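Going down the list, the protein sequences come from chains A and B. In this text, residue positions in the first sequence follow my numbering: the first is -5, and each later residue adds one. In this text, residue positions in the second sequence follow my numbering: the first is 377, and each later residue adds one.
Hints were generated in silico from the structure; no laboratory data involved. Note that the coordinates shown come from a computational prediction; the quantities given were computed from them, not determined experimentally. Just so you know, even glycine gets a beta-carbon here, dropped at the ideal spot from N, CA and C. One or more of the hints may lead you astray.
To be verified - Listed below are several chain A residues computed to face chain B (Cβ distance under 7 Å; list not exhaustive): (1) 97; (2) 523; (3) 526.
As the list claims (entries may be wrong) - Sample of chain A residues lacking proximity to chain B, with all beta carbon distances greater than 10 Å (derived): (4) 43; (5) 73; (6) 89; (7) 207; (8) 259; (9) 328; (10) 329; (11) 354; (12) 428; (13) 466; (14) 488; (15) 514; (16) 520; (17) 521; (18) 529; (19) 612.
Spelled out, the chains give:
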Amino acid sequence: MTGLQGGAVIAALALGLVLSFRASNVINIAHAAVGMYSAYAFYGLRNYDVDSTERGGDLWLPILGAPSKVHILDRPTVAAALSIALLLAAFFGALLYVAVFRPLRNAPPLARVIASLGIFLYLTSTMSLRAKEIGSGAASLKLTSMLPSGVIKIGSAKIPTSAFVLSGFAVVAALLLALAFSYTRFGLATTATAEQEKGAILTGISPHRIGIFNWVLASLLGAGAVILIVGVSGVLVPTETSLLVVPALAAALLGGLDSFAVTTAAGLAIGMTQGSLVWFQLQSKSLPDWLPNNGLSQAVPVIAILVAITWRGSKLPNRAAMIESRLPESPTPRNPVAWSLVMATAAIVALLQLDAQWRLAIVVSTIAGFVGLASVVVTGYVGQISLAQYAFAGVAAFATVKLTKQGLSFPVAPFLAIAITIAIGLLLGLPAVRVRGMTLAVATIAAAVAIEQLVFNSPSLAGLGAIPRPEIFGIDLGFSATGDENFRAAFGIFAVILFVLATLAVANLRRSPTGLRWLAVRGNERAAAAAGIDVTQTKLSAFAVCAALAGTGGALLAYQSPALSAQQFMVVGALAVLALCFLGGIASISGALVAGLLASGGILTQLQGGNTGNASNYQFAISGLMLIAVAILYPDGVVAAVRHSVAKLRRMSTA
Amino acid sequence: MNPLLHIHQLGVSYGGLRAVDDVSIDVHTDRVMGLIGPNGAGKTTTIDAICGFVPKATGIIELAGRRLESLPPHSRARAGLVRTFQSVELFDDLTIRENLIVAASAPRWYSTMLDAIHPNRRVTAESVSDAIEMTKINDLIDLRPKQLSHGQRRIVGVARALAGKPKLVLLDEPAAGLDPDETDKLGELIASLPKRGIGVLLVDHDMTLVLDVCDDITVLDFGRVIATGTPQEIRGNQAVIAAYLGSAHE
């Protein structure tokens, strides 16, 4: 795949993001995921060898509980398969708008981010299940390109014809959109609706129809782009393909989520930069060998964009742009000490009484709980939608292992690792100082992907293996042992105690002046500044605490895992944790507890009968669905809804 | 005597439009200064600029001899220049007492760490209890902003400003939407501030309040100062009358 091809796809996807944003003020993080599904639909239908008697024509379905695939017709032609795949994409676009984003158009940004994360999680997890059924290697789908395969020579450079076709596709799409939006009634109506829905209705425009039309168009563009590029690159992996949205988001943000021309240019430029960086990395012998393959090319454009949008943002929202950022209410923690004692006792008794699989589940839940606490602080208390929590955990985990290998011992190595994580947290907090809402969510996803690409995939961190067992005052806190003794309770108790202390610290912070400042900034940055609160410092303090909490979880993971891998810290994990926190109440500690309990491989998994290979996919898929539902039904989170009904019942019973 | 707040040649431009043009105002410790003008005269923009909410403002802003124009908004507030908002803007997630506490507490770099171990919420700054007492909001302190009436919220907005230990408060239309009774009480409160050593710059549409409470008045129109003087002088000023009648005809 050359840079130009990649750039064309990024541009086409970015155009879809701009369209759906202009129509309904949503940055649709699941945009490429819809394209990914369409690609599965198309290549599933076309999955037969022309010279054999294979039938092909199977349509893979992303519906939990329904059959994985249905047979539609024998040996469909490209045109037939493409029509079906695009029709499905169009249907998905319309469905997402009508069922999810239209109801959420006035909801707080967090609810909109959560809903699009839900869709992302649902589609990637169900399709990961399908991908396992399809199988890999020879069994996998035949991904053949529909584009001409020749090369065109310009001077000494050979450029694949497909690159010209793809970039032509993106440029023509951008041109048509730009023209349509400036000159047709539909385009003007979209702009009018986005600016003033009531006014538009009064002039006889149906915002509903306009919205559907834009979403269908966006979906078709995305599906077309992903189907074409998958054929060229020969790579179709649910999560990876869906994350094509990250560079596309970058391009769309550079275009201000508004300009089709700038967005397309930015998309092409990002792709070509990535292409040249790959080439550069292949050619250059002076680059350090810790740099992962493709690391530079994936990370550099994303980092450049982070810097650009951060630069363009402003420290305080202006008077006209005051957006209501209503977030779930944050109740003052009551009796945190009593609660912690109950929680700790239950966990410790369970650790001492139950078998090895249970002990593992409790530890997994505890570590996820740390990441949950980190999300509660930064997103719930301070309103900064961050998806970099697993990146923080990963930094701490890898740093712990690396420092231990350098000769530092427990507890010096993890302490130092957490300190490093806090520094990274402060660095990633910088965008939050200047951008807010959905843009910040996108910036943190980009940052997490950059860290993943540049650091976690680094060859110098691969195959580090296990580290010596932690030990304190002569007590062996190691996790592994032989036979039934494996997953030792001592480590579990240590983790639980740390978690309880962390919970208490967060409860204290929430009630202290620091917590009050956090909530003040979350509610109203301008008023906070006027009241003498340093908004920058307040946000950064939250990112530091967030990094410290996630980092503690990560350091524990370093001692728990026999070997660390980049997969443990993918941004998808952070999406899932944020989602689960939202279910449990993102602005209260209960959110973190729910995130821990429901974490994949954690206590709930164990209750359901333990970890099977597909458990995490099912769990992600179901939490994805729950998220969409919860974001629409209870933008304040489930716990708040429960609390309200309890209060109502009380009032009724006393009345 | 040197003025408490010295504004010299303040300017704000939006594109080609001079929203605030060469505005100079001096406010003295023992006097209430009123800032009035027809709609769109640039009153709120002036306050925004004085408090640091307009990034590209020009001119000199000096509080008690200290130059503030290069400081960010929160540092100006900490230096003693505290404002209220036309739209009140209380922190909805906090109780009234907590609204005052955040305005009063100045964190140190280690505060977050200390707060994690010892939340010490009993520590209530003296300025908080003073502000509660001055504004007579004792009954409200454990409620949340959404539980208050509009008038009560306005008073709490003033109380929050006072909790920040201001040398000077800038009140942006504090009487908007208040009933006559509430306006009277607010007027008394404003008039009492100079005696406590707090200067006042008051923006309001309620002419009775402004003429009653203020010792001096500055009148803006189209971003420029068109008159300065005592209420008596302003009442009879032809330029002021023309500005108000002119705007009424628009």
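Checked hints:
no.: 1; hint: 97; in the structure: 24 Å, violated
no.: 2; hint: 523; in the structure: 4 Å, holds
no.: 3; hint: 526; in the structure: 4 Å, holds
no.: 4; hint: 43; in the structure: 62 Å, holds
no.: 5; hint: 73; in the structure: 53 Å, holds
no.: 6; hint: 89; in the structure: 35 Å, holds
no.: 7; hint: 207; in the structure: 35 Å, holds
no.: 8; hint: 259; in the structure: 26 Å, holds
no.: 9; hint: 328; in the structure: 13 Å, holds
no.: 10; hint: 329; in the structure: 14 Å, holds
no.: 11; hint: 354; in the structure: 30 Å, holds
no.: 12; hint: 428; in the structure: 12 Å, holds
no.: 13; hint: 466; in the structure: 21 Å, holds
no.: 14; hint: 488; in the structure: 20 Å, holds
no.: 15; hint: 514; in the structure: 5 Å, violated
no.: 16; hint: 520; in the structure: 7 Å, violated
no.: 17; hint: 521; in the structure: 4 Å, violated
no.: 18; hint: 529; in the structure: 7 Å, violated
no.: 19; hint: 612; in the structure: 36 Å, holds
The structure is inconsistent with the numbered hints 1, 15, 16, 17, 18, although it conforms to all the rest.
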